[in-house]
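K.L.:
Sequence:
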Amino acid sequence: MSGRRAGIGLHLGAAIVLAALLALIAGISSSCPPATQRQYRRVVVLGDPHLPGRHLAAKERVRRTINGWRDVDLVVAVGDICDTYGTPAEYAAARSFFERLNHPLALVTGNHDYIYATPSRPDSGDFYPASPEEQAAKLARFRQTFHLPALSHSRMVGGYLFLFVSADHDRYAVGIGDRQLDWLRTELARAPRTPTAIVFHGPLKGTLHPFKRYINQPHSVAQPVEAIQALLAANPQVFLWISGHTHTPATEASYASPINLYDGRVANIHNADMKRETIWTNSLLLYPDKVVVKTYNHRQGAWQPELERVIRPPRF
56 MSGRRAGIGL HLGAAIVLAA LLALIAGISS SCPPATQRQY RRVVVLGDPH LPGRHLAAKE
116 RVRRTINGWR DVDLVVAVGD ICDTYGTPAE YAAARSFFER LNHPLALVTG NHDYIYATPS
176 RPDSGDFYPA SPEEQAAKLA RFRQTFHLPA LSHSRMVGGY LFLFVSADHD RYAVGIGDRQ
236 LDWLRTELAR APRTPTAIVF HGPLKGTLHP FKRYINQPHS VAQPVEAIQA LLAANPQVFL
296 WISGHTHTPA TEASYASPIN LYDGRVANIH NADMKRETIW TNSLLLYPDK VVVKTYNHRQ
356 GAWQPELERV IRPPRF
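Residues 56 to 371 in the working numbering are what the sequence shown spells out, letter by letter.
Where hints are given, some of them may not hold.
[Unchecked claim] Pairs of lysine-lysine residues, derived as DSSO-like cross-links and limited to a Cα-Cα distance of at most 27 Å, are as follows: (1) K267 with K345; (2) K267 with K349; (3) K267 with K330; (4) K349 with K260; (5) K349 with K330; (6) K345 with K260.
Hints in this document: simulated from the structure, not taken from any laboratory.
Can you build the whole structure from these sequences, using the hints too?
P.N.:
This is the structure:
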């Protein structure tokens with residue numbers, strides 16, 4: 056009889072635990088309503104992942120945290136997906152990392168994904184421009200790894216047009232080649248009245264204080280400068296430029312600063328790299344009448360309210 060009572064007690068205890076878990080899950084679900092019931096869409100931006108690279112355990116924790124955010128509509132990686140040279144091993148590591156992401160993903164290339172020749176000793180730290188053939192092969196590897204029909208692509212997210220432009224210039228570290236520039240002009244011409252964000256590895260010139268000697272120099276800004284300036288001037292629907300490359304930490308004064316505004320109109324959202332113990336990510340909350348930019352410190356597990364910004368889209 057005592058054994059029967061013990062069994063009943065165990066079953067009752069398990070039922071209580073299960074009920075508590077179901078209540079917890081219900082609470083989480085109610086706190087993060089589906090996209091159809093939300094007033095906003097959420098885009099999470101990953102600064103240069105440099106995979107596998109240093110601090111891989113910290114990068115894995117970031118991915119697990121983002122997987123736990125139930126209101127994410129899209130995760131964006133802003134280039135330098137690979138750590139150094141864009142080797143097959145680096146791309147395999149990147150594919151493995153992102154295959155364990157639970158949300159839709161959009162990526163662009165950075166200089167480390169294609170532009171450098173792979174030395175005979177990958178740990179040598181040598182950086183020389185690859186031949187056109189080797190660059191083309193690495194850009195093809197990028198497309199094949201992430202099943203992309205083309206280097207650049209577009210996506211609508213909550214009434215906003217996102218244009219993902221991959222670096223592919225054969226000389227500039229963060230340059231847009233002629234073919235990609237033509238694609239960008241065509242996409243912008245198709246939607247002249249749709250608020251638009253451009254995602255590219257390099258930042259716009261002059262949108263950071265020179266906290267490092269190479270900031271705002273030719274190989275650390277989006278190129279060709281003149282062509283990009285003319286393109287933005289001709290397309291007032293572009294109001295956001297989302298970039299990486301400069302490894303700007305959230306502790307830098309110009310990470311979120313008035314200097315981020317390019318030509319008085321385009322807000323450059325800078326993103327810290329993931330090659331560090333403390334990793335920050337930006338979340339863009341896309342409302343019909345505003346974009347709220349929030350920065351999350353993954354090491355502390357906390358938002359940084361002092362870096363929160365509200366950006367208004369253009370009205371037509």
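K.L.:
Work down the list of hints and note, for each, if the structure agrees.
P.N.:
Now for the hints, and whether the structure bears them out:
A distance of roughly 32 Å separates the Cα atoms of K267 and K345; the hinted pair therefore is violated under the 27 Å criterion. The suggested pairing of K267 with K349 holds, with an alpha-carbon distance near 24 Å, which does not exceed 27 Å. For the suggested pair K267 and K330, the alpha carbons sit about 17 Å apart, so the restraint of at most 27 Å is met. For the proposed pair K349 and K260, the alpha carbon gap of about 23 Å is at most 27 Å, so the pair holds.
For the proposed pair K349 and K330, the alpha carbon gap of about 20 Å is at most 27 Å, so the pair holds. Annotation: proposed proximity of K345 to K260 holds, straight-line Cα distance about 25 Å (limit 27 Å).
When each numbered hint is compared with the structure, a violation occurs for hint 1 only.
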